[in-house]
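My request is simple: use the sequences and hints to build the entire structure.
From first to last, the protein sequence lines stand for chains A and B.
Letter by letter, the first sequence follows residues 0 to 407 of numbering that gives the first Met the number 0.
Letter by letter, the second sequence follows residues 0 to 637 of numbering that gives the first Met the number 0.
A few of these clues could be false.
[What the hints assert, rightly or not] In silico DSS-like cross-links for lysine-lysine, where the CA-CA straight-line distance does not exceed 27 Å: (1) A:K198 with A:K391; (2) A:K372 with A:K391; (3) B:K286 with A:K191; (4) A:K191 with A:K171; (5) A:K338 with A:K391; (6) A:K171 with B:K286.
[Said to hold, decoys possible] If you only want the chain B side, here are some residues facing chain A, beta carbon under 10 Å, derived: (7) S15; (8) S235; (9) M269; (10) L289; (11) E360; (12) D456; (13) L458; (14) G460; (15) G461; (16) G464; (17) K550; (18) Y557; (19) R603; (20) F624.
It is worth saying that the hints were derived from the structure and are not from the lab.
Glycine included, C-beta positions come from ideal geometry on N, C-alpha and C.
Each chain, written out:
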Amino acid sequence: MTRPSVIERRRFLAGTGAAAAALAAPGLVRAQGAPIKVGEINSYSTAPAFTLPYRNGIALAVEQVNAGGGLIGRPLEFVHRDDAGRPEDAVRHAGELINNERVDLLAGTYLSNIGLAVSDFARQNRRLFVASEPLTDAIVWAQGHRYTYRLRPSTYMQAAMLAEEAARLPAKRWASVSPNYEYGQSAVRWFKALLQARKPDVEFVAEQWPALGRIDAGATVQALAAANPEAIFNVTFGADLTNFVRQGNTRGLFERRSVVSVLTGEPEYLDPLGEETPEGWIVTGYPWDQVNTPEHTRFRDAYRQKFNDHPRLGSVVGYDTVNAIAAAIRRAGAVDNEKLVDAFAGLTFQSPFGGVEFRAIDHQATLGCYVGKLAVRNRRGVMTDWRYADGKNYLPPDAEVRRLRPQG
Amino acid sequence: MVVNSLVIQLLNGLASASALFLVASGLSIIFGVTRIVNFAHGSFYMLGAYVAFSITRALPVEAFDVLGELGPHVRFWGGIATAALVVGLVGIAIEIAVLRRIYHAPELFQLLATFGIVLIVQDATLAIWGPENLVGPRAPGLRGAVYILDQRFPQYELLLIAIGPAMLGLLWLLFHRTRWGTLVRAATLDREMVAALGVDQRKLFTGVFLLGAALAGLGGALQLPRETLNLQMDLSIIADVFVVTVVGGMGSVVGAYLAALLIAELQALMLLAPPFTIAGIEIAFAKLTLIPSFLVMAAVLIVRPYGLLGRPQAAARVAGAAEPVLRLATPELTRIGLAALAALALLPLAFGDYTVAVATEIAIFVLFTASLHFIMGPGGMASFGHAAYFGLGAYACGLAVKYWAAPMGVGLAFAPVLAGLGGLLFGWFTVRLSGVYLAMLTLAFAQIVWSIVFQSDALTGGDNGIRGVWPDEWARDKAVYYALAVALCIAGTLLLRRIIYAPFGYALRAGRDSPLRAEAIGIDVRRVQWIAFAVSALFAGIAGGLFAYLKGSVFPTYVSIPKSVDALVRVLLGGVQTVSGPIVGAIVFTGLEEQLARATEYWRAVLGVVIILLVLAFPEGLAGFAQRRWERWRGGGE
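This is how it looks when you write it as structure tokens:
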């Protein structure tokens, strides 16, 4: 197994490299006029495994947009800022991007609390914010407002996709293991509610809540085994997940038990597991090597050619963030803030995953993800038996959404 | 079945205890001899794991074929041992290049340098090993599990269980059966005496750093088969290791093992406890994983002020140990200060909204830093958890908005009240301790506040925080809010300054410099310190409240360890023993961070280098340096 090449970070130092390169390339249509600027904030120093492929995706899309003549005759430019995992820094950057860099809109964020902080800033300052990565339901529902749109499938949507699969299993006794913060708590809450709605006789016999990044894996596995569940719902990810899987494998926790797991099929989290990938887990994720639709193949080839590395889910999210913004600007025919905000409502654009719409009702995009099973091939974790779960099928009925989101 | 689970869980606790012990013992030894609170110890641990990963991968399998069946074992364990050694050498390099130059600096100042090292190592690790988590190889021959009471238990965990006590035994032999070990013990008790007896301190310190860093490296390397390598390893272990070291008693290796055992077992067993309900509130132990270690630390320190097996620190008898006398600024300096204030007031006229927002942030941090300086400098009590009071102030505003939809005035009035009450409560326990133990107890209280804030979803919104904490309509304008914040912060800072020069301030300094003499002339030292602690918390609360309205939201990060550490760095950077130090420190550090975060990809490393350079160039802090130069230029102030 060779380690993927280190992602080129310096290439995007000022965030303008891609745009500048496209402008300088001879023979291409050159966009004229001042660039349209997008202020992008993310946790580059604290969550690099996800955010660096994400920034690659942005760079690729920006390059393509500018090679195609830019937007309404102007080049597109991204200005990146590192929030260091701190909401208060993200808010400071947002102010700096708007006041000093004079960006036309804000985008980005990875952690839910940072997404919410920037979203609140956007509401206060009446500026468009395209939340690309945060998963929290609050950003479009409880705390939703006119100026924020969110791209990635939410915690609710992921839980709904997996609850559908879980309901098909014979298991009645369930246990859950989940990082103890808002994301983990809502994932478990939704999964429980949606599974029990489909199968009322399901019971949850144990819950483990390791602190994010601090799992005591051996003890957690032991505590789950002590409750002897028939199936396990896992929400841990990253280093916690890998530690949990290793201890679980050695101690036989997953034998004769079904496991349903959020995000585990994403290359960001699957790649490090390597040959220890637990076979048979039902997961949401992104089988980048097997999706061969024309739009995805085109994206994958371009990504590989530019970065000499395979795309991660973050790459798709970054790529789609740019595509969505580009589509909105084309639709609005201007970069006026209010017009752009209106253009996002009901906006459709093409993702490598297929057609996506930003719902007018709650500003959530219908981008979906892939649901399948884990397997090991050539000492590497892969997804098998997967299908694309379109996000639009995994959102609550409109009446329910209106109840969840403050109207007006 | 229940008993079986319990036994296995005890074994799990033992394995975790060994891992904690290796890292904590290194920290304890380093502190015992050099008195350095080594923030970079987590970095040594992380480096150990990453270096072991690379070595075990780089060593060609074929080269070990000649050894036959032993080959894979030699390759793996050789890699682990080499990694420990490499980290030991890194420790030596750091000791010689940086720390050796600043041993004469005021206590805790070295901490600032180790903080710089943390930042550099973080970015270096990212640059060398990349952002993705790495999964190390399993130990050859120890991949599987054995059956214990019908349950599978990993073989490698059994080995870990044995390694802890084995290392403890080896360290005991080293300290009790070798000359070097005897010297180390002697230096732990009284390093000036050891020096007076002709022992080369430099060699001793370097050796201790080698041992301590290598132990941390070994602790990291041994995690290869069970922990995923990631870039947060350093910070996620450092708090636990501090707790273990302090609970055991700084400098006591046996104590470190006992403490590691106590905490690891408690954490493991807690996961088995089912949730239960008291007075309608459901308490799930499995959700409170972060709190018990800090509760244990607080409890132990309250009962045993020097940890389980620690001894009171011998007072360091450095020449001129008494802190310099604080003098009022000369008229010239006062005029310079007033001119600077006038320039500040005009700032919004000349610059845009963002600069004004940053200036507001700096003003808030000046007050926050001044409040910490108040107990650190004149009070002689270093707080590692001052963010608790900053956070309490911010949450007071957040809660006022969330539950009462209160206007800003109410929030800002409530902020110092809540923070001051927190200071009164925690201060009562804190002032009973001294030195590093005191600092660690403040850290424990801050972590307890953080855990409550983080895990009480219903009350505080958990990690998603409280949003919508924006100023009232009249203060929405950036320039207006700036004026308000600057006015309050300057008033607060000046008031703190006034208190330092008031009789209360003199009493506080008397208590710091000579508790015995202060008691003898009728000063109730503890009471004075307690009040000072609460006053400091109160002002930190005002800063926190202003910060909440500046950002429009309140988050648990306001109470987190990094916020406390940043405050500490600001105080030290400016200089502990000058009254204007915190002002200079806050401006320089906040400004640097703001500029660097935008200017460069590897801003943490650059910030780390800058901090270390500042530490080496200005060991008395920036303001301390400026003061000395000023006095020399003016023909001395004495």
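Checked hints:
no.: 1; hint: A:K198 with A:K391; result: holds (23 Å)
no.: 2; hint: A:K372 with A:K391; result: holds (22 Å)
no.: 3; hint: B:K286 with A:K191; result: holds (18 Å)
no.: 4; hint: A:K191 with A:K171; result: holds (12 Å)
no.: 5; hint: A:K338 with A:K391; result: holds (25 Å)
no.: 6; hint: A:K171 with B:K286; result: holds (24 Å)
no.: 7; hint: S15; result: holds (6 Å)
no.: 8; hint: S235; result: holds (5 Å)
no.: 9; hint: M269; result: holds (9 Å)
no.: 10; hint: L289; result: holds (5 Å)
no.: 11; hint: E360; result: holds (7 Å)
no.: 12; hint: D456; result: holds (7 Å)
no.: 13; hint: L458; result: violated (14 Å)
no.: 14; hint: G460; result: holds (8 Å)
no.: 15; hint: G461; result: holds (5 Å)
no.: 16; hint: G464; result: holds (6 Å)
no.: 17; hint: K550; result: holds (5 Å)
no.: 18; hint: Y557; result: holds (7 Å)
no.: 19; hint: R603; result: holds (6 Å)
no.: 20; hint: F624; result: violated (29 Å)
In summary, the structure is inconsistent with hints 13, 20 from the numbered list given earlier, while agreeing with the others.
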